[in-house]
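Trainee: What follows is the residue order along each chain.
There are 4 protein chains.
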Amino acid sequence: MGLPMIFDSLKRSKPSQPTNRDATVRRLVQACHELLSEEGEASGTTRAKETLAQYAALDAAQRVSLFQALRTDFSPNPEKVLEAAHAYAHEPSSVNLAVLLHAAEPPRQELLRRLNRAPGGTHAIIGMRVKLLDALRKEPELAQVDDDFRHLLSSWFNPGFLELRRVDWNAPATLLEQLIQHEAVHEVRDWNDLRRRLQQDRRCFAFFHPAIASEPLIFVEVALLPAMASEIGPLIDTNAEPGDATSFQTAVFYSISNCQPGLRGVSLGNFLIKQVVDTLSREFPRVREFCTLSPIPGFRDWLKERVTHGFAATDKRATPKVRKALATVSPQFAGLMMSAADLRGPDSPLPALKRELSTLCAAYLLGIGEEAGTSSNAVTKFHLNNGARLDRINWRADESDKGLKQSLGMMVNYVYEPKHIERNHEQFVRGRTIASSAVEDLI
Amino acid sequence: MGLPMIFDSLKRSKPSQPTNRDATVRRLVQACHELLSEEGEASGTTRAKETLAQYAALDAAQRVSLFQALRTDFSPNPEKVLEAAHAYAHEPSSVNLAVLLHAAEPPRQELLRRLNRAPGGTHAIIGMRVKLLDALRKEPELAQVDDDFRHLLSSWFNPGFLELRRVDWNAPATLLEQLIQHEAVHEVRDWNDLRRRLQQDRRCFAFFHPAIASEPLIFVEVALLPAMASEIGPLIDTNAEPGDATSFQTAVFYSISNCQPGLRGVSLGNFLIKQVVDTLSREFPRVREFCTLSPIPGFRDWLKERVTHGFAATDKRATPKVRKALATVSPQFAGLMMSAADLRGPDSPLPALKRELSTLCAAYLLGIGEEAGTSSNAVTKFHLNNGARLDRINWRADESDKGLKQSLGMMVNYVYEPKHIERNHEQFVRGRTIASSAVEDLI
Amino acid sequence: MGLPMIFDSLKRSKPSQPTNRDATVRRLVQACHELLSEEGEASGTTRAKETLAQYAALDAAQRVSLFQALRTDFSPNPEKVLEAAHAYAHEPSSVNLAVLLHAAEPPRQELLRRLNRAPGGTHAIIGMRVKLLDALRKEPELAQVDDDFRHLLSSWFNPGFLELRRVDWNAPATLLEQLIQHEAVHEVRDWNDLRRRLQQDRRCFAFFHPAIASEPLIFVEVALLPAMASEIGPLIDTNAEPGDATSFQTAVFYSISNCQPGLRGVSLGNFLIKQVVDTLSREFPRVREFCTLSPIPGFRDWLKERVTHGFAATDKRATPKVRKALATVSPQFAGLMMSAADLRGPDSPLPALKRELSTLCAAYLLGIGEEAGTSSNAVTKFHLNNGARLDRINWRADESDKGLKQSLGMMVNYVYEPKHIERNHEQFVRGRTIASSAVEDLI
Amino acid sequence: MGLPMIFDSLKRSKPSQPTNRDATVRRLVQACHELLSEEGEASGTTRAKETLAQYAALDAAQRVSLFQALRTDFSPNPEKVLEAAHAYAHEPSSVNLAVLLHAAEPPRQELLRRLNRAPGGTHAIIGMRVKLLDALRKEPELAQVDDDFRHLLSSWFNPGFLELRRVDWNAPATLLEQLIQHEAVHEVRDWNDLRRRLQQDRRCFAFFHPAIASEPLIFVEVALLPAMASEIGPLIDTNAEPGDATSFQTAVFYSISNCQPGLRGVSLGNFLIKQVVDTLSREFPRVREFCTLSPIPGFRDWLKERVTHGFAATDKRATPKVRKALATVSPQFAGLMMSAADLRGPDSPLPALKRELSTLCAAYLLGIGEEAGTSSNAVTKFHLNNGARLDRINWRADESDKGLKQSLGMMVNYVYEPKHIERNHEQFVRGRTIASSAVEDLI
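Residue numbers (the working numbering), protein chains in the order written: chain A, 15 to 457; chain B, 15 to 457; chain C, 15 to 457; chain D, 15 to 457.
These aren't lab readings, by the way, just hints derived from the structure by calculation. Careful: at least some of the hints might be erroneous.
Claimed, not checked - Below, simulated SDA-like cross-link-like pairs (lysine to any residue); rule was C-alpha separation at most 20 Å, straight line:
1. A:K63 / B:K433
2. D:K63 / C:S281
3. A:K338 / A:K368
4. B:K145 / B:I226
5. B:K94 / A:A103
6. D:K368 / D:P345
7. B:K152 / B:R77
8. C:K335 / C:G383
9. B:K63 / A:D292
10. C:K94 / D:P106
11. C:K94 / D:E93
12. D:K152 / C:V109
13. D:K145 / D:E229
14. D:K63 / C:V291
Said to hold, decoys possible - Cβ-Cβ distance ranges computed for the label pairs, FRET-style:
15. A:E255 / C:G134: 33 to 43 Å
16. C:T188 / B:D251: 47 to 57 Å
17. A:Q263 / C:T188: 26 to 36 Å
What the hints assert, rightly or not - Some but not every residue of chain B turned toward chain D, in silico, with C-beta under 7 Å:
18. N184
19. W205
20. N206
These figures come from a predicted structure and were not determined experimentally. Glycine included, every Cβ here is placed at the ideal spot set by N, Cα and C.
Build the full structure now, drawing on both the sequences and the hints.
Mentor: So this is what it looks like as structure tokens:
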């Protein structure tokens, strides 16, 4: 038996509780202490079940009070940590390391592991984190509690434990309605729309975890096409005839959506995309190109900001071409704030500004004017951080209300080229964005 | 994004390698560093797969060399830990806690998490630990590496992620032959023997983990009987007629075996027994008693030791009755060392010593003469630590060679009484053994 | 080896073909002869596959031509039958019976059995029969061909080979959309409507056959309620709150629909209802009453007929009450022909005629005025033939357009009382309808 | 509704019963009549269940009495048949054909169809037939009853309703032990033996029917080899190393066994072999040769007969070579009747007679001396009737006791060549055996 097991048997959490907790929360905090105790260890899953039942009965304020207790009562003891750190610095032996790790690990981590033993425990913990993330907005000091949730969930939802499954029209309706509910990029209008997205020239893949097997964690929708798509309309046209399998050369990832807000910060999308690339490569050896057709949320807001404040004079990345485009667009900016309907209409200023807006969009995506050196756009960051290349900006790619409002109808293709993924990512982390020459030329 | 994620992107492991490593191990250690790096993060599961493949090609000496590298190159940096501990002691903020946890956690934990991403990763890691446990016997300083394996495996094999399944004669032969192979208590002689153990008055339950779904982790064999069993023979008699379901009042756990040596120290048996008690209670509401019929390994060796050295004169727990029993047995001890065949024969000294040996066996199981206050017997410790009660010592309960050799044919029943489990466990941890009055009377 | 096997090896079908068949059909007829021959027997399933492929390529006229060929070329030879019948009459031995059966069975039966050997053969044969039933309308002499299809399909779709499955919201969308498509009584408006019909206070059961496992054969929708339903609206109200399981006392079968027109005449509904009664009785021991809420198609047409022609003066079953009701309704009959919207409106003649129309509806359902003695209504005949009792006529039970058009808004409950089913059926076959006293009182 | 349905409602079976039936059988016969009646039709599956339960309680004599009743009371009425045959001969209309078929079909067929409706009905009917086949040996007039069982079972177990499944070591033990039990050619000695037969260079395929899904109907064992096997030993050697998949060029069917004696006469083996050839062709495109390695039961008995009686002088097929071989063997025939051990020993007459015995074995397999023109050996008839070619006689191919006793150690390869199967079969039916030139040369 290793040393930590000895330490497991020591009481690690303090029993005293502040007086501003109501009785219900106090009882629950007490139950948590007991769950961590010797008796709790022996109870199998009974105490874990009971403790989760107590949690389920809390109201919103009580939940926040509990989360505060997790922070104050279930954190490492700084003195003991310091003592252990000294001992380890003095002699980095196995025993001293074990003592250090035991002292440094917040007891709430073991608490979560014990709660997880209950039937449905994983599900409950994910639900608890949804509430914690809510609370975190107002109470930033809860970040350390959330760190422990995220740390454990990341370990438990390691890709090695996930199952990639294709979802098609043979899937249970209970699963399909979750796709409809969680699709966050291009709304699924109805069941016919969904059916079209699951036909033979489309693919939908989702990650599942055995502990919550009936709920997808994240899913991606893919169109198999003869070439890289430049507009979204035909991809989600319910009446489009399915394409012929012999013509497939490109797989276009046109939507990726998370289903579990309680898994925020747990890396899933990156692995999903790469496993789907693998899977499709095997099923369709002739498909060589893997890319996205992605929205550009935030471009119009960014543009407004630029129109108002311009680029810093010292910013070398803001090329004359970019500055000139901004100068051209600025006077007409009011026109760009039209309703989506007007932007689609005959008096739209868009056609006349195609060149300049494309340049400015490239600037936005390349992070020009950003301190970090890379774009502030979350979608861009996601794909570039995954190792994709910024490949093509598409004009009039999404003329829906949403598309016009967020990016004046433009969309972007990111390309995943397996052999360059590591290098692209490494560059991105160092503050540089890998883009195609077509995009570079725009600026 | 929480703070630890930022830290994740920093290099945490040192690139320099000692010169006594051979080139193969050096390459693998380098691969491990890269897997932990930015590029590794972006590679999806490719690098993990490759790294595991490199590991699989190592020979025994290279594996030990690798484990040494995991200890020397992938441990926390004592100075950084101390620095972080000081900062946390000075101000226990979320940021300081995050920095502390990041500094204190051995980088090999993250390495294992990344290796686990590969297909078959969990299986490989368990296999790696089997080898590590081997190496550990000669190189005790590897304990700290093993601590990290055990810590992660304990988290991943949390009961909330395990599936309890009944195994019956409908199970795949591939699974059944694993039971035959791993049965550690009462050998399964052949397929007929196994079939009898899976009939309607017997139960076999096993835990499975989805990541290694075709291999049982641990299994327990149960006999459903009208009363607590006092000998093993009839329970594993291939020709015994199956009992009638209306007569079942007692569930006797007569064998529990681990199938995964790589999961040593990960608590499984405790949860298995309690979930099986639950499951059987629901299926057979009339079954009220849950007990074991357990072997007593080590009794004869213990007895030899006592015969040689006696009990300390100051040991108050060694009652006069116990001392007298020892005094009676000692002169005849040579006879007790006979072969099993002779012990079964007409000249066996056993019948004449039934009372004294029962007393001494009770003393052994109650931990009389032990510093810890509780028995040194691993089976006893397992059940008492799980909250069972030491209930009855059975004379002539197992007259097989093995049974006579280890315990002169005696076996013991431990009783699991749900409402006393927590208390019994708590007492045991404090150095006391809960036993029935029948057992107490023996001493 | 029995005698018929010897006969199997004789050529049983005539090779000559009439000249008005086109070449494609001639080739297919030839293929059928070969499939029945020795070579065909040896080919495994190859020839069956090829023959079905030839059939699949036929156009409508060619199909009729093929069906004619099945009639003319694959019927029993009258002379041989007569000869065999004489021999059997002379000596009813096993051999003579075997010869008789071989002579009398139309060779097209064996042809269908051989076609069925092909992968997908059963499905193809059912599809073939759909076309045959079409053709039969214009070519009544094809009845004898259809008799053989029905005979074989009845044997193959024997209830012993069917699987009863509950269909709920967990079912594949591919299955659920078949329910939407085939629901023939109360149209499923959309997926929300369907979901409501599959919630916890509703049940849907379907029969499946392993050879066409992904297609339901027939399904029934059931509402679990505190009492017998008297109107359809609440049962299919998408927004209705699900009822509480503790309140269920009655199971109301409110819709039963066939999915396979090619199985016409194969008894499925009768067995479905009785198996569902069994299944629900076991799941809900407190549910004691099993009834339908059924439409009354044809009542308004029947009424029109009666208004025009009255009852025969000699018809003793047409009671004075019935005759009087008809006399009262007749002058206002034009009003009853209003549009459904008007019938729902303030000037509707319905309220004033409730009593008379109920009486006439009872007369319709009891078969008053019918030669057969029982109702000509197919739904009524189905349930009464299954052994149900005519229990209650419900006024304003279905005010949909369809409900008003076919039955002026009335619906009827048939009650299935297990212990009276056989007797009720037997009475019905003898021309009598078992009805409740409430219904009897109406006339 | 077709005409036969009208006739279904007429009583078809006679109620009077002979006096020598005991009361139990009389009650059961009465139940059968009722099951066929109107009330029976309405009862769903209840009466079928009850009738089967009555049957299950019969003793052997009562069963025979019941089978007699099925013959006497549930046969077609000769007068009605004759009448219907006359009508049909006079006018072969649909109605007259329907009347004819209804009159000619033994009512026990419909009885079996109705019994089949009960849960487990198919299984019970197959079991009933096992007993009927037993009874048939003593009471040949029951053949006509058996004809109806076989007719219905052949229709129900049509290959279109069977599922071909590969059985490997992952199969449930309950299934595997049925293989051990039913293996009829080369006994499975124990579970190790079975495991070897299911490894990667071996295949086992079985047919299953959904109505008795847990029981195989028939199975075949196949060895994948570089070339046609000439002896059985290496194929069933438990210790043989599995062959390498790249070397597979020949699939050798070395055992085929029926599991359901109640399905005698239902063609299964023929379809099984052909579907397995198809399946293996797809999995192993490089495997081009499909053959058997088959025992030659009856050769030694045949030889004894020939030694005693010789060939008819007029038999042209008995060539001089054959006659000469017989002349050579005859004087030494006593030696060939030695025990198997002696035949394997140093004084065995076998080596000296290799040429002659091979010639005589070829004669036996080619049916020389048989009136039918083809061999009387059931295995030979089975494969040749399936369209195989007699390819090679193997000396010292099976030196087990059984192999020496039945065929003096010889075995034979039949080759299935897809493109010649139909022709070979057709020749065989005409009394000719297709053999390789190697075999022809032997005679």
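Trainee: Hints first: check each against the structure and report whether it holds.
Mentor: Going down the list of hints, with the structure as the test:
1. Only pairs whose Cα atoms come within 20 Å are accepted, and A:K63 paired with B:K433 is accepted, the gap being roughly 16 Å.
2. A C-alpha spacing of about 18 Å is found between D:K63 and C:S281, which places the hinted pair at or below 20 Å, so the restraint holds.
3. A threshold of 20 Å between alpha carbons decides the hint, and for A:K338 with A:K368 the separation of about 14 Å falls inside it, so the pair holds.
4. With a CA separation close to 18 Å, the supplied pair B:K145 and B:I226 stays within the 20 Å bound.
5. The straight-line distance between the Cα atoms of B:K94 and A:A103 is roughly 9 Å, inside the 20 Å bound, and the hint therefore holds.
6. With a C-alpha separation of about 15 Å, the suggested pair D:K368 and D:P345 falls inside the 20 Å cut-off, and the hint holds.
7. A distance of roughly 13 Å separates the Cα atoms of B:K152 and B:R77; the hinted pair therefore holds under the 20 Å criterion.
8. Pair hint C:K335 plus C:G383 holds up; C-alpha atoms about 14 Å apart against a cutoff of 20 Å.
9. Using a Cα cut-off of 20 Å, the hinted pair B:K63 and A:D292 holds, with the two alpha carbons roughly 14 Å apart.
10. Simply put, C:K94 and D:P106 have alpha-carbon atoms about 13 Å apart, close enough for the 20 Å limit, and the pair holds.
11. For the given pair, C:K94 sits about 17 Å from D:E93 by alpha-carbon distance, which is consistent with the 20 Å threshold.
12. The suggested pairing of D:K152 with C:V109 holds, with an alpha-carbon distance near 17 Å, which does not exceed 20 Å.
13. For the hint linking D:K145 to D:E229, the alpha-carbon distance of about 19 Å falls within 20 Å, and the restraint holds.
14. Under the criterion of a C-alpha separation no larger than 20 Å, the hint pairing D:K63 with C:V291 is consistent with the structure, at around 16 Å.
15. Distance hint check: the CB atoms of A:E255 and C:G134 are about 25 Å apart, inconsistent with the given range 33 to 43 Å.
16. Our hint of 47 to 57 Å for C:T188 and B:D251 holds, since their Cβ atoms are close to 52 Å apart.
17. Range check, A:Q263 to C:T188: about 29 Å between beta-carbon atoms, so the 26 to 36 Å window is met.
18. At about 5 Å, the closest approach between the beta carbon of B:N184 and any beta carbon in chain D falls short of 7 Å, and the interface hint on this residue holds.
19. At a threshold of 7 Å, the smallest CB-CB gap from B:W205 to chain D is about 5 Å, leaving the interface hint in force.
20. Checking B:N206 against chain D by beta carbon gives a least distance of about 10 Å; that is not within 7 Å, so the hint is violated.
Checked against the numbered hints listed earlier, the structure breaks hints 15, 20; every other hint is satisfied.
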